[in-house]
Amino acid sequence: MHAFHIEYHNTQGTLMRILTAVSRRGLEVPYVHSAASGRVHRADLLLEVNAKQIGQLCRDWHAIVDVTDVRVSTPTPEMLELIAFAGPHPPSSAASDGRSSAAMA
Amino acid sequence: MLKGAEIFLKCLRAEGVELVFGYPGGAIMPLYDALEGSGIRHILTRHEQGAVFAAEGHARATGQVGVAIATSGPGATNLVTGIADAKMDSVPLVCITGQVRSALIGTDAFQETDVFGLTLSLTKWSRLVKSIEEIPSAIAEGFHWAREGRPGPVVIDIPTDFLKAKAEFSGAAKFTPKPRPSDAKAEAKFADELIALLSKAQRPVALIGAGAKLSGAIDELRRLLDDLNIPAFATVHGLGAVDPDAPYYLGMVGMHGTRAANMALHETDLLLVFGARLDDRVTGDPTRFAPNARIVHFEIDPAQLDRVRQCELPIIGDLAQTIPAFHKRVGAAKLPNWAEWRAIACGEDRAELDPRGLAQSTIRFLDELFGRLPGNSVVIADVGQHQMWAAQRYRSASPRGFITSGGLGSMGFALPAAVGVQLSKPDATVLCVSGDGGFQMNIQELATVRRLNLPIKMVIVDNKYLGMVRQWQQLFYQRNYAETDLSDNPDFVEIAKAYRISAERLNEDAMEEFPVSQETGDKLERFLRSTEPELLVFDCAPEANVYPMVPAGAALSEMLFEEE
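So the protein sequences, as listed, match chains A and B.
As numbered in numbering that gives the first Met the number 0, residues 0 to 104 make up the first sequence, in order.
As numbered in numbering that gives the first Met the number 0, residues 0 to 563 make up the second sequence, in order.
Read the hints as simulated data drawn from the structure, not as lab findings.
Owing to the predicted nature of the structure, the values given are computational and were not obtained by experimental measurement.
Ideal Cβ positions, reconstructed from N, Cα and C, are used throughout, including at glycine.
Please note that a few of the clues may not be correct.
Claimed, not checked - EDC-like, lysine to aspartate or glutamate: derived pairs with alpha carbons at most 20 Å apart:
{"no.": "1", "chain 1": "B", "residue 1": "Lys424", "chain 2": "B", "residue 2": "Glu531"}
{"no.": "2", "chain 1": "A", "residue 1": "Lys51", "chain 2": "B", "residue 2": "Asp284"}
{"no.": "3", "chain 1": "B", "residue 1": "Lys177", "chain 2": "A", "residue 2": "Glu6"}
What the hints assert, rightly or not - Non-contacting residues of chain A with respect to chain B, defined by C-beta distances greater than 12 Å in every case (computed):
{"no.": "4", "residue": "Met0"}
{"no.": "5", "residue": "His1"}
{"no.": "6", "residue": "Thr13"}
{"no.": "7", "residue": "Glu27"}
{"no.": "8", "residue": "Ala35"}
{"no.": "9", "residue": "Gly37"}
{"no.": "10", "residue": "Asp59"}
{"no.": "11", "residue": "Asp65"}
{"no.": "12", "residue": "Ser72"}
{"no.": "13", "residue": "Pro76"}
{"no.": "14", "residue": "Met78"}
As the list claims (entries may be wrong) - DEER-style ranges, computed between Cβ atoms:
{"no.": "15", "chain 1": "B", "residue 1": "Gln201", "chain 2": "A", "residue 2": "Ala50", "range": "39 to 47 Å"}
{"no.": "16", "chain 1": "B", "residue 1": "Leu1", "chain 2": "A", "residue 2": "Ala34", "range": "46 to 54 Å"}
{"no.": "17", "chain 1": "A", "residue 1": "His32", "chain 2": "B", "residue 2": "Glu311", "range": "30 to 38 Å"}
{"no.": "18", "chain 1": "B", "residue 1": "Ala13", "chain 2": "A", "residue 2": "Glu80", "range": "50 to 58 Å"}
{"no.": "19", "chain 1": "A", "residue 1": "Ala50", "chain 2": "B", "residue 2": "Pro335", "range": "51 to 59 Å"}
{"no.": "20", "chain 1": "B", "residue 1": "Leu103", "chain 2": "A", "residue 2": "His8", "range": "37 to 45 Å"}
{"no.": "21", "chain 1": "B", "residue 1": "Thr106", "chain 2": "A", "residue 2": "His32", "range": "45 to 53 Å"}
{"no.": "22", "chain 1": "A", "residue 1": "Asn49", "chain 2": "B", "residue 2": "Gln473", "range": "32 to 40 Å"}
{"no.": "23", "chain 1": "A", "residue 1": "His4", "chain 2": "B", "residue 2": "Pro335", "range": "41 to 49 Å"}
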């Protein structure tokens, strides 16, 4: 698991462009947080990626017009704790507690 | 006070726009209402996809920003393929879409589509305009990003009420980008490293992509290659960057590249890449791509680096600066003599085989056509077998002499793109080569050609199949020609005539004689010299194949050739 920190000017669509660089690769996003950070905004993401994907993602993010900086680090314990607490998001059918299947029957 | 539509058009003029392509509709009507007297010529296509491809044709032929206009909803969604096409092929493009009234956005109003959202991953930059006051800055910024660095597509979505409203207008805006950290290496450092790599190389080669042409560094590149005198080859979009008669030039590389180019790329120990993103059609199996090579990558867009293989030396920056910086050092450097390697890579043993098999007559037909083209010609190829035959056979010495949809491979591209090219280059001979499948994807643009009386020379290579798909079915799916049979094609000659366009059919038997008969030669001459639009349908052998071919997942050295 790697933590990515992307600084950007919070213009229309920039955060979405940052996220579509992830989603187009079929990667899950277990953690994302974005907020103002001084004069720019900063998005923090946790992603399970290999070394090649790290390079590709960083370069894709750099190519976004309003991204100003991209850094990679190891996740903080707080981030990892949040992931562990939330757990993965299963498909809604798999998350069913049985009520929906009963209703279908 | 001016209407938003008038402000919009004045800002377009300030960006140098004189020609736009589009299709009107409800939300964009105020812009059309203000067109007359704006100084902007609007070309009505018969489909929004025709408009965006025509705008691409204009941009690819001139290097200027192409502009396409559509209304909201289906008008905007019909632009999407062209936007994706421009992204893949680095074409500067601004798409202007009308949007429903600002108060209705998000209500699923009639003809409302979230064009901003659906094009986010396809555009370099986009803006949903939120007030009439924003119009000048949105246009200035949009055009800046369309042109800047690696060019690309931009979408400006404007609610119809802002086009109708009035505001003070004090002139077009200017956009100054915020400074960004540069990744460029110091000139001296990269040149030193590169000279050191070259000094150790025994089999260096140069691979030229579209970036070399987009940078405008063609003269510098050609001088550099002349001095290096190493085997060189081009991607489909790099064709025309290198003088095709240069003794070290080996033609196109990749899936349907020449034998010499693919072998040299497979055997090289130092690969210099100039503005190419090394997509899978160029590399073949990435794990066996240039297996012994170190890679030096001249590239303006850092996002293109290391996509398939890590490069030893990335040289990030505008090739118009990095190539001369490198060239300056080459003269003083003591480099090895690569004559022996050149003799192998460029030698007779690897020369192209004469056309043979079922494709022979089509290749001869294209040779006959291309051989008769004047020097200022532009060939536009659609997507499929004819595209690859054209790329293999047309030897343009002009960087903008061969235009095609390479990255996205959008069938239906050629005819509307030819409209944009011919309008931009009225004195050029514009030859549009399509297949029978692709031609029907935007066949409605015959009406645009007729209305404007554009002297485009349209060729359909008619094999009555979706030929490239059929070729793959033949080679890799045990001849299961599932849904590729087009033997019930309409009569293209009669269709052209219905659009009042002169058309003829040429049977492949006409190419049996070599050289062709006087009668056939005269027919081709008449076709190319006509001052009117013309269509020529060439009956191609249905099962003709494109060779050489590197099967998907194979190494470049594992080419298939036409059997004797």
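Cross-check of the supplied hints:
1. B:Lys424 with B:Glu531: holds, 15 Å
2. A:Lys51 with B:Asp284: Distance of about 17 Å is within 20 Å: holds.
3. B:Lys177 with A:Glu6: Since the Cα atoms of Lys177 (chain B) and Glu6 (chain A) sit roughly 14 Å apart, the hinted pair holds (cutoff 20 Å).
4. Met0: Met0 (chain A) clear of chain B: closest Cβ-Cβ about 22 Å, beyond 12 Å.
5. His1: holds, 17 Å
6. Thr13: violated, 10 Å
7. Glu27: Given that every Cβ of chain B is farther than 12 Å from that of Glu27 (chain A), nearest at about 18 Å, it holds.
8. Ala35: Given a closest Cβ separation of 16 Å, the condition holds.
9. Gly37: Gly37 (chain A) is indeed farther than 12 Å from all Cβ atoms of chain B, at 14 Å.
10. Asp59: Violated, because the least Cβ-Cβ distance between Asp59 (chain A) and chain B comes to about 5 Å, which does not exceed 12 Å.
11. Asp65: violated, 8 Å
12. Ser72: holds, 18 Å
13. Pro76: Holds: least Cβ distance 30 Å, greater than 12 Å.
14. Met78: Correct as stated: the minimum Cβ-Cβ distance to chain B is 26 Å, above 12 Å.
15. B:Gln201 with A:Ala50: 39 to 47 Å: violated, 30 Å
16. B:Leu1 with A:Ala34: 46 to 54 Å: violated, 40 Å
17. A:His32 with B:Glu311: 30 to 38 Å: holds, 37 Å
18. B:Ala13 with A:Glu80: 50 to 58 Å: holds, 54 Å
19. A:Ala50 with B:Pro335: 51 to 59 Å: violated, 34 Å
20. B:Leu103 with A:His8: 37 to 45 Å: Violated - the Cβ-Cβ distance for Leu103 (chain B) and His8 (chain A), about 29 Å, lies outside 37 to 45 Å.
21. B:Thr106 with A:His32: 45 to 53 Å: violated, 31 Å
22. A:Asn49 with B:Gln473: 32 to 40 Å: holds, 37 Å
23. A:His4 with B:Pro335: 41 to 49 Å: holds, 45 Å
Consistency with the previously given hints fails for numbers 6, 10, 11, 15, 16, 19, 20 and 21, ordered from lowest to highest.
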